[in-house]
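Novice: Protein chains in written order, with numbering that gives the first Met the number 0: chain A, 0 to 323; chain B, 0 to 438.
One or more hints might be untrue.
Label-pair distances were calculated between CB atoms; the ranges are [to be verified]:
hint	chain 1	residue 1	chain 2	residue 2	range
1	A	GLY162	B	PHE200	35 to 45 Å
2	A	SER147	B	THR238	47 to 57 Å
3	B	THR73	A	VAL109	33 to 43 Å
4	A	VAL70	B	GLU139	49 to 59 Å
5	B	GLY205	A	MET0	22 to 32 Å
Note that these hints are calculated values from the structure, not bench results. Since the model is a prediction, treat every value here as computed from it, not as a measurement. For glycine and all other residues, C-beta sits at the position ideal for the given N, C-alpha and C.
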Amino acid sequence: MVALLIAWLVVNAIKTPTDFFNIILIGITTGLVYALVALGYTLVYGILQLINFAHGDVFALSGLFASTLIVSEFKLGTDTGALGIVAGLAATFAIAAAFGAIVNSSIEFVAYRRLRSAPRLAVLITAVGMSFIVQNISLAIYDVNFRSLPPLISSGYVFTLRGVHYSWDAFFVVLVTVPVLLLLSWLVKTTKQGKAMRATSQDPEASAMMGINVNRTISFTFALAGALAGVGAVLYLVEFNVRYDSGFQLGLIAFTAAVLGGIGNLTGAVLGALIIGLIQSCSDGLSWFAPGSDWTRSIVFAILIAILVFRPEGLLGERTPEGA
Amino acid sequence: MPGPRRRARPSFRRYAAERARTARLDRAAAAWRRIPARPRGLAPVALFVCLAVTYPFYVQSLPTNIPVILTLPTVHDAVSILVFVIMAVGLNVVVGYAGLLDLGYVAFYAIGAYTAGWLASGQFEQVKVHFGSIGVSSSETGIHISIWLVLLLAGIVTAIGGILIGLPTLRLRGDYLAIVTLGFGEIIPQFVRNADNLHGFDLTHGTFGISPIDAPGFGQKLHDAVGLPVRYDDSFPPTPDRLFFWTVLAILLFTIFCSMRLRDSRLGRAWIAIREDETAAGAMGIPLMRTKTWAYAIGAFFGGVAGAYVATFNSGAFPSQFDFNISIFLLCMVILGGMGSIWGVVLAGTILAWLNVEGLANIGSWLNSNVFPAQHQIDVPKYEFGIYGIIIVLMMLFRPIGLIPERRRKREIEEGTRGQMGEGAAAYAAAEESSGERR
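Isolated chain A (complex conformation) (with noise of 0.2 Å):
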């Protein structure tokens, strides 16, 4: 399978070099913004053992919330000065963060709260219903039509090596990824409020007696994760456009990210977001024997089946008992 996998690339990579170098780099790109979106997942996994399907539609409802921030609030458009889109983008950010933050902790206080002693399936179910709210929150506020943001960032080349290009507005997303992964690193690994969170998912009832409060390290997680959301919606926007259920398909494909990487694996999700982002750039664009953009996300979930089934605990997790 693998082998057969790596062939087909080296085919395609000997074919059309151009364009599969560029595909890489869009793969690496979109994944990137898929990581964000996957670590929300994987943070809230580890925690409290839940797939928070309503993290999809925080994803949207701050993309909707951001654009109009962009385009209502802070009017940015083409015709402003490269000191003021910085501005402007750095303050959205922060605020779609925040607002990210206080949806998915809320969330997390309204519904699942109240559900801590409730079987985990009774838990997944209100998480799937909350997923519903969200969206219909989404589409109340901002209607059905797609939201974009104006190009503010050049689509210029940060550079062309024999025909590969990296374009800024995708260099871009590195800029901003890569510091806030190291931001989230040091936050999880060194901070008092990180430890916490780890010995709350090894075990809650212990970090309880050791003094630490549980309730409000769940919060904090969740609001990390909305926040992640937050920066990853600004992101997504400045590529993509966004509706209402835009989040769902696309946590879906972030959650499977999280999944391969080994769920509750932050390094795990990071990785498997980069995976993800590679196949689908490579099905999506390549020519030779390629799948295609129609049987893109249907390879996307084969794979995540195909995970649970054979390697329930991901890439980089350990064994959990999920799994046989």
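Chain A is fixed; fit chain B onto it per the hints.
Specialist: Same frame as chain A, now just chain B:
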């Protein structure tokens, strides 16, 4: 039962009249109790069945200005409603009895509908197969098999599909299983959408769907012998709708009957045991994989029959019918009704499917003309799934047992909230239950 009694002023005459009335009611209640348990239990069912069977005759004379809901559903819409109820009862086998959360039930619906599309239409123009089809000229290409057989075949094909999906995935527990089913529920509709050019072979006709699909019928011989209709769609309205309605009602009653018998069977008890405690059930010698696969296969069977019936009713199978939302919609019926409770699911299914088909539009227009001011009109059906989401969350938070809870389920959940009574207590409750249920 006597209504709320008001005794505002102690007037003797009124008091005596009331005494007489209560006495009469008591006598009636006593007479009712003297009827043996079995017919007594069946009486409400029989009443509902009679009301349902005669529905096409009195629906037109019902008022059309009922507050809030405006009208009762037309016969045509009632067919769609009952198909949804069949699927909800089928999903109840998987989710309610066996406790396997299935977020991709729509896949079974799709498989059923497309099986009907393949076996009873001109989709495969390369071949010419006719078997018992009514009203199809023998020169038409494609596969045309009698719809009654197709319904059965669609059920069987879907059940096999359920087994194929189930075998690798049912080893997983809980939420992982839910995600895998969700994945299948996404892949299968995408597959039928894209499979119009598999190396030049048109399997599903893409987004256009397969249409037309043959209508059911009994043929000339049975028509002459016992007066059954020749073909459902060759008569004038409202007859076709009525025929489709009675048929779907018969299928629904059969589904409910099967579902009840299954629940009390050895297999059904094994499902419930697995739902309550998988490890303990396995330790007691229940073959876990086989039992769970059966739940999948049987749930899938009903989904497939319903899908095939919808296909022949709409005379087409279209990929846009098989959204993820349908899976959640059906799940919402099962949760609202009470997982595992057949009558609860039937009731909730009827209500929710009615809301879906025409209820929300009616309620919305009533609200817009009576409650909301003209400047703030709300398009209620637009928020349909938000409303279902709210129903799901509220039920899970405040009444996880559902509208009409199953007795055993209720006990399970109450024990759960009472802070995990010991293993012994649960075992005692189970033993008491089984001795109580034995007749």
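Novice: If a hint holds in the structure, say so; if it does not, say that too.
Specialist: Now for the hints, and whether the structure bears them out:
A beta carbon spacing of about 37 Å between GLY162 (chain A) and PHE200 (chain B) agrees with the range 35 to 45 Å that was offered as a hint. About 52 Å separates the C-beta atoms of SER147 (chain A) and THR238 (chain B), a value consistent with the hinted range of 47 to 57 Å. Checked against the given bound of 33 to 43 Å, the beta carbons of THR73 (chain B) and VAL109 (chain A), roughly 39 Å apart, stay inside it. The hinted window of 49 to 59 Å between VAL70 (chain A) and GLU139 (chain B) holds, with their beta carbons roughly 56 Å apart.
The hinted range of 22 to 32 Å is satisfied by GLY205 (chain B) and MET0 (chain A), whose Cβ atoms lie roughly 29 Å apart.
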